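Listed in order, the protein sequences are those of chains A, B, C and D.
If you count by the working numbering, then the first sequence holds residues 3 to 226, one letter each, in order.
If you count by the working numbering, then the second sequence holds residues 136 to 407, one letter each, in order.
If you count by the working numbering, then the third sequence holds residues -7 to 398, one letter each, in order.
If you count by the working numbering, then the fourth sequence holds residues 93 to 394, one letter each, in order.
Take these hints with a grain of salt, some might be off.
Under 7 Å between C-beta atoms, here's a sample of chain A residues computed to sit facing chain B [claimed, not checked]:
id : residue
1  : Leu54
2  : Thr121
3  : Leu166
If you anchor each label on the Cβ, the simulated ranges turn out as follows [as the list claims (entries may be wrong)]:
id : chain 1 : residue 1 : chain 2 : residue 2 : range
4  : C       : Ser396    : B       : Val364    : 31 to 37 Å
5  : C       : Asp252    : A       : Leu18     : 20 to 26 Å
6  : A       : Asn94     : C       : Glu219    : 44 to 50 Å
7  : B       : Arg293    : D       : Asp217    : 42 to 48 Å
8  : B       : Leu252    : C       : Thr397    : 41 to 47 Å
Rather than coming from a laboratory, the hints here were simulated on the basis of the structure.
Predicted, not measured: the structure shown is a model, and the values here were computed from it.
Backbone N, C-alpha and C fix where the C-beta goes; we use that ideal spot for every residue, glycine too.
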Amino acid sequence: MKRQIPMLILSAVGTLLVVSVFIPSARHWQEDASLYFDIIAVFAFFLGGGNLIRVHTEKVNRKSTGWIYSVVTLLGFGIMLVTGLFKIGNPNGIAGDLSQTGSYFQLLFQYVMSPLNSTMYALLAFYVASASYRAFRAKNTEATILLVAAFVILLGRTALGVLLTNWIPAQLSVLQIPNLAIWIMNAPNLAGQRAIMIGISLGVISMSLRLLLGIERSYLGGDN
Amino acid sequence: MTSKTAMRILTAIVALIFLISWIMKSGSGMSDSAFTNVRDGFLVTFAVFLTLSIFSFLYRDNPFYKFAESLYVGISAGYWMCYGFWSTVVGNFVPRASRSLSEFFHVPYQEHADHILIYIPIIFGLILLTRLLPKIGWLSRWSLAFIIGATAGLNLTRYLRSDFISQVSNSFIPLFVDWKGVGDFVNHISLAADGQFIAILSNWVIFVGVMCGLVYFFFSKEHKGAFGVASRVGIWILMVTFGASFGYTVMGRISLLVGRITFLFGDWLNIL
Amino acid sequence: MLALLRIAKLVVFISSSLFVISLLPTHSVHSQDASPSGSNLGPITVRAHDTDNDAGGSVTVEWDDPGYEKMSGFAGFLIWRTNTLTGTSDSVEVTPFGTHSYDDRSVSDDSTYSYLVAALVNSERVMSAPSMQVRSAKQWFDSRLTWVLILGLIICGAVIYFIESAKRGTKLFLRRIAGLEAIDEAVGRATEMGRPILFVAGIQDMDDVQTIAGLTILGSIARTVAEYDTKINMPVRASLVMTAARETIKHAYVTAGRPDAYNDDMVHYVTDEQFGFVAAVDGIMVRERPAACFFLGAFFAESLIMAETGNSIGAIQVAGTAMPAQLPFFVAACDYTLIGEELFAASAYLSGEPRQLGSLKGADVGKAIAMIVILVGVIATTIASAWNSESMLWIENLLRKMFSTG
Amino acid sequence: MGLIISAVVIGGGLLWILYLSIKGQDVDRRIVYLFVGATVALAIIFRLEFGEVATPIVKSVFDKIENLPAGSKIVLSYDFDPAMAPEVNPMANAFIRHILEKKHRLFFMSLWATGQSLLSVSLNDVLKPEFPDAKYGVDYCNLGYKAGNEGVLNVVITNFRKMFPSDANGNSLDSLPMFKDVESLKDMDLLISVGGGKPGVKEWVLFAGDPGKIATAGGSAAVSTPLLYPYWPRQLIGLLGGTKGAAEYEAELIKTHPRFKDKGMPALRMMGPQTMAHVVIIAFIVIGNVAYFRSRRKGKQS
């Protein structure tokens, strides 16, 4: 019993949604499904939030290593939750927009969350450089192609690319780095993207079918 | 000098700089009320402190990064839970469920919406919460089944239409572009970027590239002989794709760093 | 009795259209034929029919304009509707220059309507003759999606056929995927070094099929982890993923015969914020120093941050995603990468179960179909455009119609 | 002066690392981070700018405007929102300066509601102060925003007045002298769409440039540029891609019209640190390969 019912729910819901694409009057089920998902996700917040609080309070009680940082997390979580749910400092009170300028919620977002967000994002500039230094090495043919393609595009994005190959006559102008970079983006890159996308779509179709037919059961406690 | 004392000295220095910057920033505040100036002075300095703490991770893991990380986790978890509450619960559920709550939250009550259906996700949501009770925790699988069924159902047709069908039809490209016969083709042949030859070459590369790329993804056929060659060309095309898109995105990443450093030098030290 | 009813309806209809015409400003009535400013353009012809492929409640009105819209002072087309049952009539919409059709969605399926379209020129109304009666209806099948349905059935049919044939035990060749073989090696290494493995199932919620793919692979890995009794650390960005992941790992431990070794804290919720989650994962990496890192699911810009940090602590990294924009970073920074479709095939590979492997053969048939169609399409397009042959053009247009998303 | 300091610091450092690599040593990733951070910081502090050289895909747009006879009619459509503005606004301003400097007739319009407000910012910050003698209705006019996305183009390609009975300030088109010989888009010499989303450059090509056989050029955010490359050179005479495209156009503008030199070229200033960072990354790739081949050869010898 434990296993049949979930399988039944899964196949029924999935099949209905697949069919709803083809029946005009059932098409709204698609939006309903994503709305229902959001509502269930809100319930799941209790599990997630609960877990966050439990894990960090446990760390604090057991004074395990780095418990002071758990205090910081719990404080941050508490403060943000309170200022958000009660809209403290929000000029229009409970009806005001959550991120109304002037509300403490917006202040915390603007001066704590967004600098952290954009700085984490900015770390990518460093990581892109170290990944390039380490990964683009001509170890084998594939790695060499990877290196050459990245090298041409990188050069094409700077004035260096133009200066290096300006001397090439108009008849061979595709060999000028900026044009070569555009050609690489236009032809091989486009072909690769297309092949990957067709592959992905077939992967999703075969996986969804495996789910709907109940062949893929590891998460539902099936016994395969 | 143990690392403990080094750490203490470092923290003291950071606190000192923080204080100086706070005072300076509050002083240069434009708004008339002293309280806002002091508060904004603190907030700007704190933003700078967080920025530098994150950057310090590049050197190695340290208490400043741990502080910034744990604060970020706490604040952002709270942020998204408030967002979830206001936008989904108050925004979507309340208008469909009860008139009194809608008035309380000043949200337009939806008259004709089919109310009973809105209780389906509620029931599945409650079932999900049964995970907290070990005895009947397995009931939560019903909610998971609902969600996974919905995801599989929605994505099957979506990927079929948006990726499979449209990418196949986009691949119907002519292998001879504005063709006026072999003679004309031969005496205009050149590697000029906007020339006919390059246009034709591009379409050939796209056609062969897509076919070989697909061959690479074959699972159930031995990649040997002609099939093996096609698969090899396929992986080469994929490597060009990865190299090209890696190189192309580098600029976008660097502009993010330029933005942060301009913030540090401009808004904080205003030496720009 | 039926005849009486029909006559009654007829009377109502005639009286209502007379009523409608009398209602209009008088001087324009007799000007129905004589068009303004002397040019003798013919009357506007109007056609109305039920809007096709919809859920009912909508009528499409189309009209041909002999030339009124080209005249200076033309202000728009007024659409006038009469409900032939109740006799009430009202203006529906004024459409601007250049539009010659309009979907009137404010009708109900159970009454019939007749439409008039008037060209408004210098505050005069040139009325058209009333259209035939029309009643809106709901369609049960969207005819524009016929080919999408046929293609879907073909591909799904192939997948199901090979799933069934695999059940009958036909042996199936499967090419090697380096990334999948590396998984056992990575878990083994983690066990020897007594260090945990880190598993990230993407940063999307359960509404993304890549997250589910990641979780199914987690199912197989968790079984090996249960046997070797390795520690597993799985930070998640969505509470639903946490619940599903715990369910998956618990099931793996039960089937491996070690239900007691399972502990809910292996999977822990961090935050819903993309970069907050990444900051925490980086923290876990440098502090717990996992021996193997698995990034399997949907990733965005943060993919490289995790992969580079994982590389800096010397862990074996196996990544897999179906996000084309992130594949280059994983290919550059990780030891093994599952490219697009390989992520979805991984769980079938790892389970080794005949029916799942059969579905991969079905996907291959899909690729074969795609290749054949592209080949035919390209040949037809080439010949049609280069030597403009009619028959090839017909084939090309047929293929484009078959492969339109509708 | 700044250039010399950073050249010495960065260049010297890179040479030192190259020397290390030749000895087969791999450099620690933190050194790479240090270099990237230092390069970008120095480039920002010393406001380094490099002479961007226009690539053919940008040069073709510049030459088209440069060589059109004075008084030609050009449409500039603002199809973007504030999020894309930092990347594409410099392009729009560079186009305004170039078109009015060459005494062409400039027709502003927008397919995005947000484009309308960004357009008025450009008018006040760039057009009015730098071209005091440009008269509204004679040298330039603003048709404003019209909803309907590509539907607007379907109408405007046959008849302007039907879609735009009056311009953004409410005066009828016939009252504007520059509109006397303009019946539809087909009378225009060049269409330029600046933006990166939908409706954008692609819609201008498919619904205006192609059907009307009118020369069309575009400016787009970097992320959407690759999708537009296939249209060049057959359906798009040229395309400015991201900050780099804007910087190339600005450099070309200063070279041929030095009067704009001190007007502040945002894209060029942004490209300074970008170019420096790119050069450092390219250098590290080269060094990485040198280290790899040296260590492989050493492995073979031992």
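Looking back at the numbered hints, which does the structure fail to meet, lowest number first?
Failing hints, ascending: 3, 5, 6, 8.
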